[in-house]
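These are the residues of each chain, in order.
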Amino acid sequence: MSEYRKAFVDFFTSLKLTVVLLALSIVLVFWATIAQVKLGVWGVQEQFFQTFFVLQKIPGTEIPVPVFPGGYFIGGLLLINLIATHIHHFKFTWGKSGIQLTHLGLIILLLGELFTGLWQEDYSLRLDEGQTKNYSESFRDQELAIIDTTSPDYDDVVVIPDNVLAKRGEVQHPALPFRVVIREFFPNATPQTRGQAPNDVIPPVTMGFGKDFTVVPLPLTYRQDQANLSAAVVELIGPQGSLGTWLLSAHPFVRPQSFEYDGRTFALSLRHTRNYKPFSLTLLELRHDVYPGTEIPKNFSSRVRLTTPDGHEDREVLIYMNNPLRYAGLTFYQYQMDSANGYSVLQVVRNPSWLLPYISCVLMMLGLSIQFGISLFRFIAKRRAAA
Amino acid sequence: MKKVIPFIVLALGALWVASTLTTRKTSAYDLEGFGRLPVLANGRIKPLDTVARSSLLQLQGRQRVKIDEKNSIQPIEWLATIGFDSAKADTYPTFEIIHPDVLALFKLTPDDGEKRKRFSFNQLKDGVPELMRQSQLAQQLEAQQRSPFQRAVVQLHVNLNLYHELKHTFVMPDSEDFLNELLRFQSILPEGVAAIRARQQGEAYSENAFNMLISFGQRYDAMSASSGIRLIPPYEVDHGDDSHDHDGHAHNEWRTTGQALLETFSSGGIDPNALAYAGLAHAWRAQQPEQFNRIIELYGDQLHQYFAKELKKTDIEARFNSAQPFYTSMVLYMLAFVVAIASWLKWPDTLGRSAFWLTLLAFVVTTAGIATRMWLEGRPPVTNLYSSALFVGWGAVLLCIILESIFKNAVGSVAAGLIGFGTLLIAHHLSLSGDTLEMMRAVLDSNFWLATHVIIIAIGYSATFLAGFLALIYILRGLLTTSLDKATADALSRMVYGIVCFATLFSLVGTVLGGIWADQSWGRFWGWDPKENGALIIVLWNAIFLHARWGGLVRQRGLMCLAVFGNIVTGWSWFGTNLLGIGLHSYGFTEKGFWWLVSFAVSQVAIIAAAQLPLERWRSKLR
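Residue numbers (this note's numbering), protein chains in the order written: chain E, 1 to 387; chain Z, 1 to 623.
In short, the hints are calculated from the structure, not lab data. Beta carbons are placed, not taken as given, at the ideal position from N, Cα and C, and that holds for glycine. Among the hints, erroneous ones may be present.
To be verified - Going by beta-carbon spacing under 7 Å, a handful of chain E positions derived as facing chain Z:
#1 Y291
#2 I296
#3 F300
Claimed, not checked - Take a look, some chain E residues computed to stay more than 12 Å from chain Z by CB distance:
#4 V20
#5 V44
#6 I63
#7 S97
#8 Q120
#9 R140
#10 G195
#11 F253
#12 Q257
#13 N299
#14 P324
#15 F379
#16 R383
To be verified - Below are the BS3-like pairs computed for lysine-lysine, each with C-alpha atoms no more than 25 Å apart in a straight line:
#17 Z/K408 to E/K382
#18 E/K298 to Z/K486
#19 E/K382 to Z/K486
#20 E/K298 to Z/K408
#21 E/K133 to E/K16
So here's chain E without its partners, still in its complex pose (with noise of 0.2 Å):
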């Protein structure tokens, strides 16, 4: 037993694994970063990197197969190879201080990222000049909104999120008076004519816009300038049978769809997730300045009003590039910009672990900066001796 038990320390602290693991890191990440060309960014972080195994398809078929090592596949080894080999072989001496320095902020680099990938949370912020939010919408993510309109001073909202959707079926929610039914659902379609698209897909609507639009589904972008617009069909079913169905877009320029029943106002909408901040953000000027003569961008500066319900907040801010706002654990950064229409756009993160990094980045150099100090002096110190 201690026999496959020292195989097995061996296997996982040996500098071997180190460099196979390195070299293959190094063959993923060129794929990755050719592959981004097709793939865009985005796509590429699932397909190599978020994954335990790169797959592709069977050429012909839809079968994925495993072909290389992902990035968790290669990074958890990575991190049990070195945590392993320092646990094991720990001793501490000055002489190797600083290459165990450098290995500390490596696997805390290592750490960080995975805490990053696992929590954290990007959304963006669109405001027109003069405008005010006081929540951010998800880049990606969806939800139908069901929101009850009837009282002037407050709305009520249900929402479903999009992986909900996606399963298709039905949702029954206590605050509503009807059954929700999805009857499909197309992660990416663009709206169009009826009677322009070559051929209807979705299933007969009877209320609101779809009565004069259908939607075209599109294969899923990865591209970082385009998004993914979500439809889908839903029919509503009181205890008195059916409400009526509605086609409905992510797309902007489709509005909310509004109906009355049981004597109470209903909005429907589906549109990107939102995520509520206790405080609220003004666009006061956007500014998009190029340097003379030129269509370079100079500088791109959003001028804001931070306030908060309570009035303990009530300042002004300016972000632009390098200079994002940190509030409330969340950061503000200047995302894009178009000054001929007048709209600013913030990207908001949150990530629990921005600091790892950080702390990782002062280890190591220090670590390095030791140990390369020390072979340095070494080497001098021979020389000297064989002088």
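Chain E is fixed; fit chain Z onto it per the hints.
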């Protein structure tokens, strides 16, 4: 005697460097003074001399202009000719066209061109409409999808536009005497304005004066539309860090000659700057150098009152241009390389030290060149691909000088000569796309990060390349000569190891700092962007080298092969990732570079393969 030789070599080299700083007068016209006049182009104020040089590099890939079989002229003389006497400039072969199908559009063959590839505007002008049509067809495709023919067509279209722009920068090219034209414009102005007013109010007016004024207006409108080079300085000067005031008023802005002339309608008087250039054109056409020089002198004095700061920069920049420090260093690096190689065969001490001094001299000249660029730009040394080539070479040579002063075996000088020459050659080719002192895009506009992340990464490149080149020396010297003894081989191996340690430190720290910059400006530490991946691959490669050595997995020769492969890895990270044309770092798309990169990679693989010959077959006996 032999002891003196290194100093004689150094003195000769220094004399030559000094001679490049002096200027030789080649013309009766004060072209030097003309070349220093400031102009606003591509977002910055620069001397006309720079406009001339960067335009020529873009048009024809070299700065000299051949005007007939024997004679050639300086860039600034060419700019004066195109600006003041464009019909003559139309006969100079300044358009480089290589693609035979593009030549066919103009019914030309390589035999019609100077050196079979350069053609004059007159040779091209009949084919321009067809070229425009082809260019429009090509532009319907995205840049990456265009065929080599289509790319050549679009490039020639861009070049013709530049030529057209330069023609309309100073005067209207179709005017025999532009000064005279402006004076007529001035004299008709009161009468013409009165005629326009009268016509608007439905009163009787002079049709002749009205029509003349309108036709002047149309001419200057066309002129203004033809050139974006802003030659005319503002009336009022604001030396704040922002060139506009809060309302962005035009009176604080540099204008093109056409815009300045159109403003005559509101100001009532012709802009004196425009008149000065028209005066220069008059003197140039009339072949009166004294008059030309007098205007330069007076105009220069006048500018000096308000633009002393700008003139100081343009003055230094024009001198910097004519001294061509990077060309000088290229020659010196080449010499150092040859002398250092020779020292392995004969007089190791004398020639070795001569090579060292030459390397040091070249390094000083490069340093001065880089420092001047930094001062002109007000930025840390690396701001674009071009300056990264300068800096990577600079860093590697610095390391070589340190190595050479420790080991004194000429290996450092050979590597310095090779890398110094190579990187400056790369820089020269990168400079062909235009002005190399570009403005920084908003995303990259952070001197702090440019001074830390970018510099550290560039030093990482320098060190990885240096390790690779030292390994090349090991392999080639061992394979092809008998001069690699065991002691030298061990010394080389130690050098490579030391440099790889250094490279690991800088690439790793530089990459992590890059991540922190990305976290600061884009909200993510790591985004798998091609350039980030490239940097990561360098770090991983260096880590493999170190772990393989520590684990005893690979011996001396194997380590050398690993280090040579590091050259490919670094080349990919530095240039290859830009070729993909995607991602946040895809500045400086270098298409021609692709084949160079591939050939470089193939040559490195060939050397690694050659190194696999059994050690008995190596000419140096390492066993």
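Hints and how they fare:
{"no.": "1", "hint": "Y291", "verdict": "holds, 3 Å"}
{"no.": "2", "hint": "I296", "verdict": "holds, 5 Å"}
{"no.": "3", "hint": "F300", "verdict": "holds, 6 Å"}
{"no.": "4", "hint": "V20", "verdict": "violated, 9 Å"}
{"no.": "5", "hint": "V44", "verdict": "violated, 6 Å"}
{"no.": "6", "hint": "I63", "verdict": "holds, 27 Å"}
{"no.": "7", "hint": "S97", "verdict": "holds, 15 Å"}
{"no.": "8", "hint": "Q120", "verdict": "violated, 8 Å"}
{"no.": "9", "hint": "R140", "verdict": "holds, 15 Å"}
{"no.": "10", "hint": "G195", "verdict": "holds, 29 Å"}
{"no.": "11", "hint": "F253", "verdict": "holds, 26 Å"}
{"no.": "12", "hint": "Q257", "verdict": "holds, 34 Å"}
{"no.": "13", "hint": "N299", "verdict": "violated, 5 Å"}
{"no.": "14", "hint": "P324", "verdict": "violated, 7 Å"}
{"no.": "15", "hint": "F379", "verdict": "violated, 7 Å"}
{"no.": "16", "hint": "R383", "verdict": "violated, 7 Å"}
{"no.": "17", "hint": "Z/K408 to E/K382", "verdict": "holds, 16 Å"}
{"no.": "18", "hint": "E/K298 to Z/K486", "verdict": "violated, 57 Å"}
{"no.": "19", "hint": "E/K382 to Z/K486", "verdict": "holds, 18 Å"}
{"no.": "20", "hint": "E/K298 to Z/K408", "verdict": "violated, 49 Å"}
{"no.": "21", "hint": "E/K133 to E/K16", "verdict": "violated, 55 Å"}
Of the numbered hints given earlier, the model fails hints 4, 5, 8, 13, 14, 15, 16, 18, 20 and 21; all others are met.
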